[in-house]
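K.L.:
Per the numbering used here, the very first residue in the sequence shown carries number 112; after that it's consecutive.
Hints were generated in silico from the structure; no laboratory data involved. Since the structure is predicted, the reported quantities are computational estimates derived from the model, not experimental observations. Don't take every hint at face value.
As the list claims (entries may be wrong) - Computed list of lysine to aspartate or glutamate pairs in EDC-like fashion (alpha-carbon distance at most 16 Å, straight line):
1) Lys135 / Glu207
2) Lys122 / Glu223
3) Lys135 / Glu214
4) Lys220 / Glu131
5) Lys226 / Asp125
6) Lys154 / Asp190
7) Lys224 / Glu133
8) Lys154 / Glu194
9) Lys220 / Asp125
10) Lys224 / Glu128
11) Lys135 / Asp218
12) Lys122 / Asp190
13) Lys210 / Glu133
14) Lys220 / Asp150
15) Lys185 / Glu158
16) Lys156 / Glu194
17) Lys226 / Asp164
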Amino acid sequence: MRVPFRFKMQKVLDYREQLEEEAKVNLAIQRTRLAEAQDRLDKIKAELRQAEDRLVGAVLMDAAERWLLEQYVKGLRGDAAHEAIQVRMLEQLAEEARKLLAERAIDKKLLEKLKERQKQHYVREEQLKEQRTNDETATLRYKAPTL
Numbered sequence: 112m113r114v115p116f117r118f119k120m121q122k123v124l125d126y127r128e129q130l131e132e133e134a135k136v137n138l139a140i141q142r143t144r145l146a147e148a149q150d151r152l153d154k155i156k157a158e159l160r161q162a163e164d165r166l167v168g169a170v171l172m173d174a175a176e177r178w179l180l181e182q183y184v185k186g187l188r189g190d191a192a193h194e195a196i197q198v199r200m201l202e203q204l205a206e207e208a209r210k211l212l213a214e215r216a217i218d219k220k221l222l223e224k225l226k227e228r229q230k231q232h233y234v235r236e237e238q239l240k241e242q243r244t245n246d247e248t249a250t251l252r253y254k255a256p257t258l
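Build the full structure now, drawing on both the sequences and the hints.
P.N.:
Set out below in structure tokens:
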């Protein structure tokens, strides 16, 4: 009766798979946050361009309106600078998450390769045992010709 292959480090492999899945989820979250921040930055820049165009094109604007528009442009520039810093920070976090995922994938792959090698070794050993048993049986059943 043949005993099925059992990988002794299966729990470790399962844990490594779990860590890899967590790293994938973390990377997806970081990429989503980065995309959202990039969208916000793009919207701020578009609004800034529109406000600057209004400022340049408004020759006949009274001083109070012009001052308000200049303050608005100044605020938008500050918002854009702040959001650009956020984007850079989120890019770094996404890159760290990507590196962590790569490490986790390598760790898991190493254990999977070990499992596969051990399984192949186990199958070979089982085949050798079966062959020996068959050889022994054939030897015992063989009747030498009587002289």
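K.L.:
Honestly, which of those hints from before does the structure not fit?
P.N.:
7, 12, 14 and 17
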